[in-house]
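Given only the sequences and the hints, what does the whole structure look like? Please build it.
Chains as they are written, first to last, in my numbering: chain F, 1 to 140; chain S, 1 to 538.
Misleading hints may appear alongside valid ones.
[Said to hold, decoys possible] To give a feel for the contact side, a few chain S residues facing chain F, derived at Cβ under 8 Å:
1) Thr89
2) Ala90
3) Phe95
4) Trp101
5) Pro104
6) Thr174
7) Tyr176
8) Gly217
9) Gly307
10) Asp416
11) Asp427
12) Gly452
13) Thr454
14) Tyr455
Don't read these hints as lab results, they were simulated from the structure. Model, not experiment: these values are computed from the prediction. For glycine and all other residues, C-beta sits at the position ideal for the given N, C-alpha and C.
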Amino acid sequence: MSGHRENIKAVVAKIGLDGHYRGVKFVARTLADEGLEVVYLGANQTVEDVVDATVQEDARLVALSFLSPDYRQHVPELLGALSAAGATNVVVVVGGLIADNDRPALEQVGVGGIFGPTTTAADIGRFLDDAFPVVTAPGD
Amino acid sequence: MSLEQQSITASGIPLSEFYGPADVDRSYEREVGDPGQFPFTRGKYAGGYRTGMWIARNLAGTESARATNERLRFLIAQGQRGLAVVPDTATQSGFDYDHPWGAPLVGLQGVPLACVEDMAAMCDGIDLASINASFSTFQTPVAAQYAVNAARRGYEQGILRGSIQNDPICARITGYDPGNPLDVTLRMSIDAIAYCDEHMPRWHSTVVNTYILREAGTDAVQEMAFGLAVAFYYLALARDRGVPIDASAPRFAIIAGLHNDFFEEIAKLRATRRVWAKYVKETLHARDERSHAVTISVHTCGSTLPGQQPVNNITRSAIQALAAVLGGCRGLDLSCYDEPFNIPSQEAATVALRTHALLQHEWGIAQVADPLGGSYYVEELTDRMEERIWAVLGQIEEAGGIREAYDSGWIQREIDLSASKLEQGIDSGEIPVVGRNCFNDDNTIDDLLPTGLTYSDPNAEQLDWLRSYKAGRDRRALRDSLQALVDAGREREPNVFEAMMAAMDAGATTGEVTGAVRLAYGEPFDPVGMVEAPVELH
Numbered sequence: 001m002s003g004h005r006e007n008i009k010a011v012v013a014k015i016g017l018d019g020h021y022r023g024v025k026f027v028a029r030t031l032a033d034e035g036l037e038v039v040y041l042g043a044n045q046t047v048e049d050v051v052d053a054t055v056q057e058d059a060r061l062v063a064l065s066f067l068s069p070d071y072r073q074h075v076p077e078l079l080g081a082l083s084a085a086g087a088t089n090v091v092v093v094v095g096g097l098i099a100d101n102d103r104p105a106l107e108q109v110g111v112g113g114i115f116g117p118t119t120t121a122a123d124i125g126r127f128l129d130d131a132f133p134v135v136t137a138p139g140d
Numbered sequence: 001m002s003l004e005q006q007s008i009t010a011s012g013i014p015l016s017e018f019y020g021p022a023d024v025d026r027s028y029e030r031e032v033g034d035p036g037q038f039p040f041t042r043g044k045y046a047g048g049y050r051t052g053m054w055i056a057r058n059l060a061g062t063e064s065a066r067a068t069n070e071r072l073r074f075l076i077a078q079g080q081r082g083l084a085v086v087p088d089t090a091t092q093s094g095f096d097y098d099h100p101w102g103a104p105l106v107g108l109q110g111v112p113l114a115c116v117e118d119m120a121a122m123c124d125g126i127d128l129a130s131i132n133a134s135f136s137t138f139q140t141p142v143a144a145q146y147a148v149n150a151a152r153r154g155y156e157q158g159i160l161r162g163s164i165q166n167d168p169i170c171a172r173i174t175g176y177d178p179g180n181p182l183d184v185t186l187r188m189s190i191d192a193i194a195y196c197d198e199h200m201p202r203w204h205s206t207v208v209n210t211y212i213l214r215e216a217g218t219d220a221v222q223e224m225a226f227g228l229a230v231a232f233y234y235l236a237l238a239r240d241r242g243v244p245i246d247a248s249a250p251r252f253a254i255i256a257g258l259h260n261d262f263f264e265e266i267a268k269l270r271a272t273r274r275v276w277a278k279y280v281k282e283t284l285h286a287r288d289e290r291s292h293a294v295t296i297s298v299h300t301c302g303s304t305l306p307g308q309q310p311v312n313n314i315t316r317s318a319i320q321a322l323a324a325v326l327g328g329c330r331g332l333d334l335s336c337y338d339e340p341f342n343i344p345s346q347e348a349a350t351v352a353l354r355t356h357a358l359l360q361h362e363w364g365i366a367q368v369a370d371p372l373g374g375s376y377y378v379e380e381l382t383d384r385m386e387e388r389i390w391a392v393l394g395q396i397e398e399a400g401g402i403r404e405a406y407d408s409g410w411i412q413r414e415i416d417l418s419a420s421k422l423e424q425g426i427d428s429g430e431i432p433v434v435g436r437n438c439f440n441d442d443n444t445i446d447d448l449l450p451t452g453l454t455y456s457d458p459n460a461e462q463l464d465w466l467r468s469y470k471a472g473r474d475r476r477a478l479r480d481s482l483q484a485l486v487d488a489g490r491e492r493e494p495n496v497f498e499a500m501m502a503a504m505d506a507g508a509t510t511g512e513v514t515g516a517v518r519l520a521y522g523e524p525f526d527p528v529g530m531v532e533a534p535v536e537l538h
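Given below as structure tokens:
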């Protein structure tokens, strides 16, 4: 549905030490294919880096990838910092290796979607359809 | 969906319907050679696996140095002599595990090793003269920890056997070394090669890791061409540092990935030994046969194992392992069926070890060296693979060499293009992945094996220990040795690996010695600006 979400920006990043970037690049490409404007920060970002980019770019979606359990520290920190910065109209999603028993805690702090290792581009597309329905312009 | 047989390999080599005597147009002596003979296409040893069975690598590294020590002793009691140690994420990234980025991960995906005391605890009661200790890490200071601990225990350094990867370029390309510019890590790595040449000649100073290049998305040709270019670059740098090729080359090894295209992967391993032999002999002018024959170990590619119907991953790993063996690997490490979800569970790791046992003892595979040698198809594919590896090596040369190809971003762009091509192929169904994009209409076997992911908590006790250890050090000795390391780094001549060992002997940690070399190169002590040097350095 490329072309209908071009006014929606997504910040895509990895926070902390883990450098496995193949998954996060896949997510960045998929979001771009779905028509979002992607701000790709890459790996080894700090919480502040992600908050700054989200605020500056007025992003509506923040997509983070973790292959290590440090999401348990960085994700709640990020959500706290986003709300402190007044960025409340933002959907934060995480993907990668997220333990089943950590999911409730992530959802409780406001994570809007959790994507495990079986995720396909089609799954991401379906999530976007729900979170950011495509607005059909009159005459389309 | 494309389930017809393809007329092209995974990396794009066109295939005939069959191969025959008409395709055999090569000099056996120059291009193939007997096993154990130049150019080592058919393997490093004349006797193949009769000369020595491949080493079944069984990675260990957990929780703490103490807990890992127990595991290593157990493995030694089982008869294992080659120990394969995985450090935790902080250690692997060149940070101490009490760094704000390392602390949430202490001991969770490997063993935390910040200082010589950690190494001593991990090696406690283990006879270092009778083992081969291979460390799955790019971080050069880990080798310094090992050497200092051995010296403290009175071992002569000349008898130490083992390896670290010591491969800063592949580390940088794949995100395993987030903090350090190449000038810093190359200095540490090349000085380590020089130090080992002089003092630890039985240690494998460098293991070039093409496995992670493959996992980052390269195809088979790029994997080996990029990796070989990196290896040849290190050899040339070490030569410029005074290490003769015939001293460094025999102490180099490659750890390669093993992906899905069975025959192409076998041809890849054979062609890699041939390219190595020709280049090291003819371009770098190595005279010693041991320099011409490179040791290749294999790690089967975890990225080929989908999360759907994970029981099929046992079959996948077994077939990939078979290809590795037919390609003449000397060490082998299998990704486990739960790879998409977790570091291996004990059950998954045991299944992988049993796969080795099946390959070694049930099927008669290891009896004759290079059993596929002379196959019309395999020899032809080996030639085509070699040709394409040389072509990419030529492109790198034209781009100004591997360092320039990295600095300009060319390598990373090439990898991203290949990765995205592969993912689009899987997404469109053009590349079949059983259970993921085809044969996925019935869920009978989806949950046959437990693959659920849970993490333990970070090892807080270990964290406290390191903090109090750091606080209790002799600050003067620490300052003097770290300052000496900074000074050594600023000059061209002194060996920073040696200065690093001295600092670690005085209590300095991995993060601190790396920080000192960073300062010497005009970089901040901590790459992310979160911690200060423990003593004043200038």
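Each hint, compared with the structure:
| no. | hint | verdict |
| --- | --- | --- |
| 1 | Thr89 | holds (5 Å) |
| 2 | Ala90 | holds (6 Å) |
| 3 | Phe95 | holds (7 Å) |
| 4 | Trp101 | holds (5 Å) |
| 5 | Pro104 | holds (4 Å) |
| 6 | Thr174 | holds (7 Å) |
| 7 | Tyr176 | holds (6 Å) |
| 8 | Gly217 | holds (6 Å) |
| 9 | Gly307 | holds (4 Å) |
| 10 | Asp416 | holds (7 Å) |
| 11 | Asp427 | holds (5 Å) |
| 12 | Gly452 | holds (6 Å) |
| 13 | Thr454 | holds (5 Å) |
| 14 | Tyr455 | holds (4 Å) |
When the structure is compared with the earlier hints, no violation turns up for any of them.
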